[in-house]
Amino acid sequence: MSAPTIGQAPPAAPRTGRPATRRRSVQGRADARFGLLLATPALLLVLGLVAWPALRTTLYSLQRVNLAGEESWAGLANFRTLLTDEQFLGSLTTTVLYAVGFLLVSTLLGLAFALLLNETFHGQWLARSLLIVPWACPWVMCGIIWKWFVDGEVGALNGALYQLGVIDSYAAPLSDNTGALVVAVLAGAWRQASFTGLLILAGLQTIPRELPEAAMVDGANIWQRFRHLTLPWLRPVIVVVVIINTIFGFMQFDTVWALTQGGPGDATSVLSIYLYQQLFVYTNTGLGSATAVVLGVIALVLGFVFVKLLYRSTAIAEGVE
Amino acid sequence: MRTSLLRRTLVYGGFALFLVWILFPLYFTALSSFMTPSEIGSVPFHWLPEDPTLANYVAIFTGDSAPFSSGQDGGIVSSTDAVARLMPAIGRSLLVGFAVVASNLIIGGAAGYAFSRYEFRGSTLAYLLLLASRVVPAIAIVLPFFIVFRQAGLLNTSLALVISYNAFTLPLAVWLLKTYFDSVPKELEEAAKIDGASRLRCLLIIVVPIARPGLIAAGLLVFLEAWSEFFYSLVLTNGLTVPPVVAGLQNLQQFSWTTLAAATMFTVVPPVLIALAFQRYIVTGLAAGSVK
Chain Z
218 MSAPTIGQAP
228 PAAPRTGRPA
238 TRRRSVQGRA
248 DARFGLLLAT
258 PALLLVLGLV
268 AWPALRTTLY
278 SLQRVNLAGE
288 ESWAGLANFR
298 TLLTDEQFLG
308 SLTTTVLYAV
318 GFLLVSTLLG
328 LAFALLLNET
338 FHGQWLARSL
348 LIVPWACPWV
358 MCGIIWKWFV
368 DGEVGALNGA
378 LYQLGVIDSY
388 AAPLSDNTGA
398 LVVAVLAGAW
408 RQASFTGLLI
418 LAGLQTIPRE
428 LPEAAMVDGA
438 NIWQRFRHLT
448 LPWLRPVIVV
458 VVIINTIFGF
468 MQFDTVWALT
478 QGGPGDATSV
488 LSIYLYQQLF
498 VYTNTGLGSA
508 TAVVLGVIAL
518 VLGFVFVKLL
528 YRSTAIAEGV
538 E
Chain P
39 MRTSLLRRTL
49 VYGGFALFLV
59 WILFPLYFTA
69 LSSFMTPSEI
79 GSVPFHWLPE
89 DPTLANYVAI
99 FTGDSAPFSS
109 GQDGGIVSST
119 DAVARLMPAI
129 GRSLLVGFAV
139 VASNLIIGGA
149 AGYAFSRYEF
159 RGSTLAYLLL
169 LASRVVPAIA
179 IVLPFFIVFR
189 QAGLLNTSLA
199 LVISYNAFTL
209 PLAVWLLKTY
219 FDSVPKELEE
229 AAKIDGASRL
239 RCLLIIVVPI
249 ARPGLIAAGL
259 LVFLEAWSEF
269 FYSLVLTNGL
279 TVPPVVAGLQ
289 NLQQFSWTTL
299 AAATMFTVVP
309 PVLIALAFQR
319 YIVTGLAAGS
329 VK
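So the protein lines, in turn, are chains Z and P.
The first sequence maps to residues 218 to 538 in our numbering.
The second sequence maps to residues 39 to 330 in our numbering.
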């Protein structure tokens with residue numbers, strides 16, 4: 218009621234401000250609509266091609282299908298069967314062994330390759346080109362190539378070791394339980410070490426040149442520079458690589474299938490092969506889907522750890538900067 | 039100190055081991071493909087073919103499963119069919135690859151651009167869920183695809199592969215392209231908008247040409263993934279594309295490793311050449327796709 222004073226000028230501001238905000242929000246809403254429109258096909262496809270099959274698989278794992286194809290609710294019976302199935306438990310052990318071997322060989326070799334290719338030497342350009350070659354080979358081809366490479370009759374590995382005098386007679390590692398698993402790890406790691414090397418090398422190349430030089434001036438030796446400079450710098454990349462290698466190790470099918478089809482016996486029957494057999498050989502959709510859920514949970518847990526670790530390491534990196 | 043003998047020994051020793059690790063298995067495969075079965079099995083091992091032969095490659099082109107047998111075992115018709123499937127499989131692999139790349143660049147490119155430029159209600163959550171879907175293992179969700187495709191009569195068709203491959207390549211494409219669009223400055227688009235260009239026109243005329251390197255990188259990675267895919271092709275089509283056809287040759291009796299080696303070369307050489315030719319794009323794509 219009191220007369221407006223000069224000091225109470227603000228009421229005038231909205232009058233000029235409001236149309237501007239409205240215009241911006243109209244613009245904003247149209248922008249949002251355009252964005253949603255562009256993103257919708259991809260979102261629908263991912264819902265239909267990933268989320269729905271994942272949900273459906275989970276439902277199948279809780280069902281029992283009889284010979285007539287009728288489905289009935291089974292609760293957790295399929296999972297209980299898995300826990301008492303020696304083949305499944307054996308397969309789980311094999312998978313863990315495989316994944317650990319795959320992770321170690323791929324990561325350590327990849328790290329070694331990256332460190333090597335980050336040095337300056339004659340032939341460096343050649344080595345950097347060659348690094349990508351195994352990565353470009355399809356997984357299943359890595360299995361085929363290695364199967365024959367270590368073959369007990371025609372394999373070149375035997376040929377070379379024999380001529381070098383390392384072995385007295387040709388060996389056939391794929392007909393031996395441990396040998397087959399070792400070759401399966403090597404065949405997979407042959408490709409994955411390249412992937413690892415490519416990523417770590419890309420990380421190494423982002424280290425500013427001044428840093429190692431400054432450390433050298435300060436008298437740090439090679440190991441100290443690696444331990445306190447290179448390794449912390451690479452931490453985010455290494456976290457990524459370790460998690461990816463672990464997931465790939467647990468899910469590996471192609472290489473092992475081409476190499477041994479799970480044999481000899483069940484020696485290399487990893488979970489993915491057990492899953493394939495349950496679904497498409499024994500057509501036991503319940504047990505197969507329960508195995509799929511186990512694999513999916515492993516992947517999700519690893520993915521969750523991945524995000525956590527990555528978040529922490531970027532937080533650390535940002536804290537440092 | 040930097041060129042000390044120890045360092046040089048380590049570097050060149052490491053380089054030698056690196057060469058052996060990468061090239062030895064591949065050299066053996068290439069060597070085998072130019073040999074006869076009896077020569078590859080000779081002891082001591084022949085490091086070069088004494089009498090190089092192209093019979094293995096000819097066998098693949100002509101669909102002959104036993105190029106080195108003397109003709110008494112001509113009765114194995116099924117294995118002849120298996121080899122004859124290789125050439126058509128190469129064509130189908132290319133077709134499936136191109137179709138998946140096209141759909142991924144259009145659909146995934148649109149989504150990647152949207153997530154990079156336009157915020158909408160739930161856009162962050164949608165993007166995170168899209169990324170999270172990368173974690174779901176393809177092998178674990180194959181059964182619903184199999185059942186639906188069987189009902190729809192799509193088993194054993196290329197279409198089944200084009201559809202299902204989108205499950206794992208589309209999130210990858212969105213991810214790569216969103217990361218790429220983030221690195222493209224907005225100023226040009228804003229200038230074009232002030233000049234009155236519509237959002238769609240802006241995207242097509244200004245953004246797509248600038249984003250070409252990103253589109254190439256994403257397209258290459260998606261193509262290589264489609265070309266290499268084995269499990270879905272094995273399960274959903276009983277081997278329409280190259281990898282399962284080649285892997286299937288191993289199960290045939292009378293089939294020699296030397297011919298399989300030639301088939302393996304056919305499968306491995308195209309992606310290797312692509313990777314070598316576009317190394318820079320691919321490494322950038324890999325690094326962006328996994329680190330961001």
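Just so you know, not all the hints are guaranteed correct.
[Unchecked claim] Simulated restraints, written as ranges between beta carbons of each label pair:
1) Z:Pro449 x P:Arg46: 22 to 30 Å
2) Z:Glu336 x P:Trp85: 24 to 32 Å
3) P:Phe99 x Z:Pro449: 52 to 60 Å
4) Z:Ser289 x P:Leu242: 30 to 38 Å
5) Z:Leu264 x P:Ile312: 44 to 52 Å
6) P:Pro126 x Z:Gln380: 26 to 34 Å
7) P:Arg46 x Z:Val522: 38 to 46 Å
8) P:Glu157 x Z:Asn438: 49 to 57 Å
9) P:Leu226 x Z:Tyr499: 52 to 60 Å
10) Z:Asn438 x P:Phe99: 39 to 47 Å
11) P:Val246 x Z:Gln422: 24 to 32 Å
12) Z:Val434 x P:Gly51: 52 to 60 Å
13) P:Ser80 x Z:Ser346: 28 to 36 Å
14) Z:Glu430 x P:Ile248: 30 to 38 Å
Please keep in mind that the hints were generated in silico from the structure rather than gathered at the bench.
These numbers were taken from a predicted model, which means no experiment stands behind them.
Every residue, glycine too, gets a C-beta built ideally from N, C-alpha and C.
Failing hints, ascending? When the structure is compared with the hints, numbers 4, 5, 6, 10 and 12 turn out to be violated.
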